[in-house]
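Heads up: the protein sequence lines correspond to chains A and B, in order. Under our numbering, the first residue of the first sequence carries the number 1, and numbering increases by one thereafter. Under our numbering, the first residue of the second sequence carries the number 1, and numbering increases by one thereafter.
In case anyone wonders, no lab produced these hints; they're calculated from the structure. What you are looking at is a predicted structure, and each value in this text was computed from that prediction instead of being measured. Where a beta carbon is used, it is the ideal one built from N, C-alpha and C, also for glycine. Incorrect hints may have been included.
Label-pair ranges, simulated between beta-carbon atoms [unchecked claim]:
{"#": "1", "chain 1": "A", "residue 1": "Arg95", "chain 2": "B", "residue 2": "Gln57", "range": "11 to 21 Å"}
{"#": "2", "chain 1": "A", "residue 1": "Asp21", "chain 2": "B", "residue 2": "Ile32", "range": "14 to 24 Å"}
{"#": "3", "chain 1": "A", "residue 1": "Glu140", "chain 2": "B", "residue 2": "Leu31", "range": "50 to 60 Å"}
{"#": "4", "chain 1": "B", "residue 1": "Thr20", "chain 2": "A", "residue 2": "Glu38", "range": "32 to 42 Å"}
{"#": "5", "chain 1": "A", "residue 1": "Pro112", "chain 2": "B", "residue 2": "Ile26", "range": "57 to 67 Å"}
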Amino acid sequence: MALLKRKSKVSDEIPTASMADIAFLLLIFFLTTTVFEEEKGLPIVLPEASAMEQAVSQSNIIHFLVQEDGAIVIRRGESQAEQVVSYSEIEGIMRQEIANNPLIIAAVKTDPNSPYRHMINVLDELQKANAERVSLQLWER
Amino acid sequence: MAKKSGGFERKSKAASEIPTASMADIAFLLLIFFMVSTTFRREQPRHLAFPQAQATQKIDEKRKNILHVWIEPNGDVYINDARVPMEQVGELVLPLYRASERALLISIRGDRDVPYRFINSVTEELRTANAVRVFFHTDLESRLTRARR
């Protein structure tokens, strides 16, 4: 009995003074570590399947040909003249084209075997140039 | 012995209960936090390397109106954790598009190295389902990394 009494002298309470600290610590931990999955990307509206094929004057089209190795060739309208450009030049060229002709359509033709990222690079530059009229096509030769 | 007993009594005069007044506050705080921050993951994450773009925009659309179409580097298409043969993508998306009252927005999540013909096939399939509002999922690219390209 005496032994029991001695034992019960030890504090039998759960210390709760730090409970709030622990709770807030956890709260802050979750607040800082939670990553919200956000939706981001390059939006584009595809032509509808029912849309009639529209005849577009060749003079209103600028072709961006994306080759398998990622090289970009520009072909304007009917002329078969080709111009090799780097990615950093595309934005400036497109801004110039839009200023000259607001109806210009940027047709991005990508080689079937070309990695997707090359097309995205071109689309990125076109969106930076605020090109509204963009057409994505497979470059079939 | 008497002295020891007295010591025990003194100690027990202190409140021996866990103060529960603020317990509810803490519980509700945590509850609200989890309610607000929890997003129910609809699908397993697929570890793809997305292409990078400087023009990457944040897409403001309700989560339920966004459908993820994943394209693996070998051309396999996954929708809602299930592999979908390319020619059935349109058939699968069409009922979802109708159910969303034409508000469906497609997130095309292709690996950066997917040959473009697979992306083209997917967009063609989406057109047959009339789901023409799409975006290509990209990661934001800083000007610094662009310079090295």
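Consistency of the hints with the structure:
1. Taken as a hint, the range 11 to 21 Å holds for the pair arginine 95/A and glutamine 57/B, whose Cβ atoms sit roughly 19 Å apart.
2. For aspartate 21/A and isoleucine 32/B, the hinted distance range of 14 to 24 Å is satisfied, since their beta carbons lie about 19 Å from each other.
3. About 57 Å separates the C-beta atoms of glutamate 140/A and leucine 31/B, a value consistent with the hinted range of 50 to 60 Å.
4. Between threonine 20/B and glutamate 38/A the C-beta distance comes to about 39 Å, which sits within the given range of 32 to 42 Å.
5. Between proline 112/A and isoleucine 26/B the CB atoms are about 59 Å apart, so this pair conforms to the stated range of 57 to 67 Å.
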